[in-house]
Amino acid sequence: MTAVTSAGCAAPDQAAPLPASVDLEKETVITGVVSNDSGEAVAGAYVRLLDSTGEFTAEVVTSPEGQFRFFAAPGTWTLRALSRHGNGDTTVTASQATNQVSAAVAA
Amino acid sequence: MSRDTALVSADWAEANLDAPGVVFVEVDEDTTAYDGGHIPGAIKLDWKKDLQDPVRRDFVNKQQFEALLSERGIAGDDTVILYGGNNNWFAAYAYWYFKLYGHGDVRLLDGGRKKWELDARPLSKDAVSREATQYTAQDPDVSIRAFRDEVVDAIGTKNLVDVRSPDEYAGRLLAPAHLPQEQAQRAGHIPTALSVPWSKAANEDGTFKSDDDLRQIYGEAGLDDSKSTIAYCRIGERSSHTWFVLKELLGHQDVKNYDGSWTEYGSLVGVPVALGDEPGKA
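From first to last, the protein sequence lines are chains A and B. For the first sequence, the residue numbers in this note's numbering are 1 to 107. For the second sequence, the residue numbers in this note's numbering are 108 to 389.
Just chain A, same shape as in the assembly (with noise of 0.2 Å):
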């Protein structure tokens, strides 16, 4: 499994648009690419977002530009992303607003 960095503060954007609705006064939202041992961007890769003691709290498919969307709260969290090119794992500690992500899979 390859190791997972954060997305630094002068990489790119590669969050997914947000809908002009979501307020982020109140959300904390958790964003990012999922890639493969290429650096290419992974389509269609189940990415899940556990909580701090590991449990299962949502699930989503990348985008076709690899990206995901978590609304969470403050705190800490695992990503686990699925892919047909093997599995991932990466932490994040979310505040309020938007938290950038990168998480990387390999078979």
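These are computed hints drawn from the structure, not numbers from a lab. Please note that a few of the clues may not be correct.
Listed next, the in silico SDA-like pairs over lysine to any residue satisfying Cα-Cα at most 20 Å (straight line) [claimed, not checked]:
{"#": "1", "chain 1": "B", "residue 1": "K307", "chain 2": "A", "residue 2": "S52"}
{"#": "2", "chain 1": "B", "residue 1": "K169", "chain 2": "B", "residue 2": "G180"}
{"#": "3", "chain 1": "B", "residue 1": "K316", "chain 2": "A", "residue 2": "G54"}
{"#": "4", "chain 1": "B", "residue 1": "K307", "chain 2": "A", "residue 2": "L50"}
{"#": "5", "chain 1": "A", "residue 1": "K26", "chain 2": "B", "residue 2": "Q290"}
{"#": "6", "chain 1": "B", "residue 1": "K316", "chain 2": "A", "residue 2": "P64"}
{"#": "7", "chain 1": "B", "residue 1": "K307", "chain 2": "A", "residue 2": "P74"}
{"#": "8", "chain 1": "B", "residue 1": "K388", "chain 2": "B", "residue 2": "P298"}
{"#": "9", "chain 1": "B", "residue 1": "K232", "chain 2": "A", "residue 2": "S63"}
{"#": "10", "chain 1": "A", "residue 1": "K26", "chain 2": "B", "residue 2": "G278"}
{"#": "11", "chain 1": "B", "residue 1": "K316", "chain 2": "A", "residue 2": "E55"}
{"#": "12", "chain 1": "A", "residue 1": "K26", "chain 2": "B", "residue 2": "R279"}
{"#": "13", "chain 1": "B", "residue 1": "K307", "chain 2": "A", "residue 2": "F56"}
{"#": "14", "chain 1": "B", "residue 1": "K232", "chain 2": "A", "residue 2": "V61"}
{"#": "15", "chain 1": "B", "residue 1": "K265", "chain 2": "B", "residue 2": "R322"}
{"#": "16", "chain 1": "B", "residue 1": "K307", "chain 2": "A", "residue 2": "T53"}
{"#": "17", "chain 1": "B", "residue 1": "K232", "chain 2": "A", "residue 2": "A43"}
{"#": "18", "chain 1": "A", "residue 1": "K26", "chain 2": "B", "residue 2": "A277"}
{"#": "19", "chain 1": "B", "residue 1": "K316", "chain 2": "A", "residue 2": "L50"}
{"#": "20", "chain 1": "B", "residue 1": "K307", "chain 2": "A", "residue 2": "G44"}
{"#": "21", "chain 1": "B", "residue 1": "K156", "chain 2": "B", "residue 2": "A140"}
{"#": "22", "chain 1": "A", "residue 1": "K26", "chain 2": "B", "residue 2": "A294"}
{"#": "23", "chain 1": "B", "residue 1": "K232", "chain 2": "A", "residue 2": "R80"}
{"#": "24", "chain 1": "B", "residue 1": "K232", "chain 2": "A", "residue 2": "G54"}
{"#": "25", "chain 1": "B", "residue 1": "K169", "chain 2": "B", "residue 2": "D248"}
{"#": "26", "chain 1": "B", "residue 1": "K388", "chain 2": "B", "residue 2": "L357"}
{"#": "27", "chain 1": "A", "residue 1": "K26", "chain 2": "B", "residue 2": "A291"}
{"#": "28", "chain 1": "A", "residue 1": "K26", "chain 2": "B", "residue 2": "R293"}
{"#": "29", "chain 1": "B", "residue 1": "K265", "chain 2": "B", "residue 2": "G387"}
{"#": "30", "chain 1": "B", "residue 1": "K151", "chain 2": "B", "residue 2": "V130"}
{"#": "31", "chain 1": "B", "residue 1": "K169", "chain 2": "B", "residue 2": "F205"}
{"#": "32", "chain 1": "A", "residue 1": "K26", "chain 2": "B", "residue 2": "Q292"}
{"#": "33", "chain 1": "B", "residue 1": "K151", "chain 2": "B", "residue 2": "E178"}
{"#": "34", "chain 1": "B", "residue 1": "K307", "chain 2": "B", "residue 2": "A291"}
{"#": "35", "chain 1": "B", "residue 1": "K307", "chain 2": "A", "residue 2": "G54"}
{"#": "36", "chain 1": "B", "residue 1": "K307", "chain 2": "A", "residue 2": "P64"}
Given chain A, work out where chain B should sit, using these hints.
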């Protein structure tokens, strides 16, 4: 009911794609998923447009259900195989409708769309149409559907199972984390409800856990199988998944799905609400 009559494996499904009398039906939360590729020959039901009443907050009545299935070409003696995304949440919800309206042979595809995709099994974008039928439904079987007054009366007497995530149960979130936080007026859970997230019943690939594992999970959570049970979630689709497990896989006798769920209960005036991780008192 049991696993043998309520569930089919992906291998069985792939071997029976063209079998006469077998109809594959996709039901997704994301109603565009079908158009991007579906199991070859499968038709689609839209859980909002097809399965909900367009005006009242209720699902389709017997006549609407008959008209829908007739138009889509499903016959009363067909074996209906339901599948979908989100670990079969909405497929399980549709399964509960088919049972409510008395369809003879209906089953879930174990693992749903996720396992099918992760296994790299065939998907098709071809349009599918079936010859119309004259479908006759039974009167709704309300022995599997709970309404709000019954739920309030069940506090402290029946098993109430809250199948939402722990944060929704405790009142820290109002909706699943892939949706904007909206809906009920109040957060929390029905007092005395056990927290057994639907996801405990499923493996990572969306298939159901073994009967032994399932019995252990609900036993350890404190579900008293000598009592009647009502399952609920936010809008009744995740609780259909748990209803399926308790009633159809484990064969518990009296299990109801409360489809009003938290969006109704959490907006009722004057009912008790518990906050935090404990069930709370009656």
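Check the hint pairing B:K232 with A:S63 against an upper bound of 20 Å on the C-alpha distance.
holds, 18 Å
What's the verdict on A:K26 and B:Q290, does the C-alpha distance respect the 20 Å limit or exceed it?
holds, 15 Å
**Request:** Sort out whether B:R322 lies within 20 Å of B:K265, counting only the CA atoms.
**Result:** Since the Cα atoms of B:K265 and B:R322 sit roughly 18 Å apart, the hinted pair holds (cutoff 20 Å).
Are the Cα atoms of B:K316 and A:G54 separated by 20 Å or less? holds, 17 Å
For B:K151 and B:V130, compute the direct alpha-carbon distance and say whether it is at most 20 Å. holds, 11 Å
For the pair we were handed, B:K307 and A:L50, check the Cα-Cα distance against 20 Å. Between B:K307 and A:L50 the Cα gap is close to 12 Å, so the pair holds against 20 Å.
For B:K307 and A:S52, compute the direct alpha-carbon distance and say whether it is at most 20 Å.
Distance of about 16 Å is within 20 Å: holds.
| Restraint status (C-alpha distance of B:K388 to B:P298 at most 20 Å) | holds, 6 Å
*asked:* So if I understand the rule, the pair passes when the alpha-carbon distance is 20 Å or less; does B:K307 with A:P64 pass?
replied: violated, 29 Å
Q. Does the alpha-carbon distance linking B:K156 and B:A140 stay inside the 20 Å limit?
A. This hinted pair holds, its Cα atoms lying about 15 Å apart.
- Message: Hinted pair, alpha-carbon criterion (20 Å max): B:K169, B:D248. Please report holds or violated.
- Response: holds, 11 Å
What's the verdict on B:K307 and A:F56, does the C-alpha distance respect the 20 Å limit or exceed it? holds, 8 Å
Hint check: violations occur at hints 6, 7, 20, 23, 24, 26, 34, 36; the rest are consistent with the structure.
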